[in-house]
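**Q** Those protein sequence lines, which keep their order, are chains A and B. Under the numbering used here, the first residue of the first sequence carries the number 1, and numbering increases by one thereafter. Under the numbering used here, the first residue of the second sequence carries the number 1, and numbering increases by one thereafter.
Just so you know, these hints were derived from the structure itself, not from any lab. Glycine included, every Cβ here is placed at the ideal spot set by N, Cα and C. It is possible that some hints are incorrect.
[Claimed, not checked] Going by beta-carbon spacing under 10 Å, a handful of chain A positions derived as facing chain B:
#	residue
1	ILE9
2	ILE11
3	ILE13
4	VAL36
5	LYS59
6	GLY74
7	ASP76
8	PRO101
Chain by chain, the residues run as shown.
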Amino acid sequence: MAKTTLGGIEIEIDEDGFIQEPEKWNQAIAEDLAKVEQAYPMTEEHWKVVNYLRDYYLKYEIAPPIRMLVKQTGFDLKKIYQLFPSGPAKGACKIAGLPKPTGCV
Amino acid sequence: MKIEDISKNTEQLVTIESKDLIPLPYPYDDPANEPLMKRLTDDQRMRYEASLDGIIAIGIPKPSSKEEEEVFVKKFLSGLEKLLTPENNWTFLQPLYHSLEYCVKCQICNDSCPAYLASGKKEIYRPTYRAEVLRRIINKYIKKRNKLLLRLTGSDIDLNWTLVARLGELAYRCTLCRKCAQVCPLGVDNGLISHEIRKIFSQKMGIAPKELHELGTMQQLKAGSSTGITPKALGNIIEFMEEEIEEKIGRKIKIPVDKEGAEILLIHNAGEFVSWPENTEAFAIIFDIAGIDWTLSSDLVGYDAVNYGVWYDDIQLARIAVKHAEIVKALKVKKINVGECGHAHKAMIVVADRILTGELNIPRESALPILADIVLNNRIKLDPERNNFPVTLHDPCNMVRLMGIVEPQRQILRKICPQFREMEPNGVDNYCCGGGSGFAIMQSMNFPDWRSAVSGRMKLKQILEVFHDVIGPDVKKYVCAPCSNCKGQIRDLFAYYNVFERCNIFYGGLVELIVNAMVDIKKPFIEWEWR
Chain A
1 MAKTTLGGIE IEIDEDGFIQ EPEKWNQAIA EDLAKVEQAY PMTEEHWKVV
51 NYLRDYYLKY EIAPPIRMLV KQTGFDLKKI YQLFPSGPAK GACKIAGLPK
101 PTGCV
Chain B
1 MKIEDISKNT EQLVTIESKD LIPLPYPYDD PANEPLMKRL TDDQRMRYEA
51 SLDGIIAIGI PKPSSKEEEE VFVKKFLSGL EKLLTPENNW TFLQPLYHSL
101 EYCVKCQICN DSCPAYLASG KKEIYRPTYR AEVLRRIINK YIKKRNKLLL
151 RLTGSDIDLN WTLVARLGEL AYRCTLCRKC AQVCPLGVDN GLISHEIRKI
201 FSQKMGIAPK ELHELGTMQQ LKAGSSTGIT PKALGNIIEF MEEEIEEKIG
251 RKIKIPVDKE GAEILLIHNA GEFVSWPENT EAFAIIFDIA GIDWTLSSDL
301 VGYDAVNYGV WYDDIQLARI AVKHAEIVKA LKVKKINVGE CGHAHKAMIV
351 VADRILTGEL NIPRESALPI LADIVLNNRI KLDPERNNFP VTLHDPCNMV
401 RLMGIVEPQR QILRKICPQF REMEPNGVDN YCCGGGSGFA IMQSMNFPDW
451 RSAVSGRMKL KQILEVFHDV IGPDVKKYVC APCSNCKGQI RDLFAYYNVF
501 ERCNIFYGGL VELIVNAMVD IKKPFIEWEW R
């Protein structure tokens, strides 16, 4: 597993750049990840999505279904792709410090 | 290229080039517009075995010493030896033995293989190629046949690290679709050969794609699902589904969970909950209206039908199969009904029959016949006009070719989709989506590009052909794929070629079309929003 520097601290990432130490996640790390995912600078709308994903993850240990994300943030998928060009999973979830989605998803 | 070239220390055996790929129909008929497959970085090439075709599916680390190389080869050989003994391989020895001994090398099977055809007939992808490599290793190193004779008859081979590593990767260039076995006049199953090689790698050498093993079966046994959904998260998702159903059909439905003694335990691929909850919602709506006595399970593993072990490891397969059966027993339901998931059909209904004995051998069925029964007997009021757009059907290999479930889904579509049309070939002669045997979820390095450009190419070709007269974006079209894995592959394939935007072809399951045709819902159930 590779290490990299994000938000000024050293952190483990997988081969697709998802952080492997979710407890170390903070806003500065999110912003550095957002730079890689073309979601920088992060606006209030970006944070709304990221914070929702983060909160859901802390509660349920997984990412919410995409439809739930759409409903709870009030952003349709098109809007989410505008905010996070690499998509809800590879973009938004990565920035929110969630692990890479697994299973038949 | 010869069979024995696989052990030669060449930089790369085969290179995939756009110009060699089988041409696609309009509007993808200009090879100059073929997306470029991602090339491996120098670092990736240095660290992992990539000398087969420049693609990495499993990422076998390069050895750092001669000793390491030897240990690797030795382990493989001892795994192969075990594979040929009844006490170690009672599940598959008989068909393996048949396939090794009875192939007459007529090569008829080659022209049925989607990867071989799509690649422009690259030798290494022939279904008979990896089988012949394995056969030669067995003859020389296990049966210890006379070496001079082997050389004279042109069936010699040198076993070394390069061969074993390439063969391991090559076992993941076959989707186990078994179309080759379908056409073989002798019933030889070259798909099984790939499966058995994967078993040696997993069970003996500890090498398997991370998505199938560590994040797949291991995570499923620990967290309850390969998706990471825990029972607590499931509860939240079910609540969400109930809200969605109420919004969509204007009526509340209670999704039954852990209902003891129910007629049917419906078990979905948990990927549906995350990526396509409309599929699980549609099931709930149909079963509720038709008055089926059913339930979901919230027990660990009981809400995830997947069993990735069926693709690479018999031990993992057995662990999950037994877990599924125990849950059914504890819940005292009459039978399991498997939702729209192809490999779970194979694992749970077919292969598990060799594992589940006595009381654990509970009745296990596909959901397709009961859906056909509901639709054909008008247990739900449906108006086909609501599905008045071109629809085609993808046949998931495990349900259709393997199990012969051909008609129920067609009976439904003929009744509720006035513009239903068949791809050619179809039914048991179908082409795999290209994502079979776990490919659809394997994301390693440049492998996703390979499964879109090569293993999924025949399917894309078929889809474009079947809609050729309405290919423009002005007509919305639907590929019905009643399997989570196939859906994931078709989604990625369409994204790779930008098919949704360019041709307005959408994809989804079967139950969504049924609910979409219901007369008493106001808005269409299918939303035609890319995801």
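**Q** Each hint: holds or not?
**A** Going through the hints against the structure:
no.	hint	result
1	ILE9	24 Å, violated
2	ILE11	20 Å, violated
3	ILE13	15 Å, violated
4	VAL36	16 Å, violated
5	LYS59	8 Å, holds
6	GLY74	15 Å, violated
7	ASP76	8 Å, holds
8	PRO101	7 Å, holds
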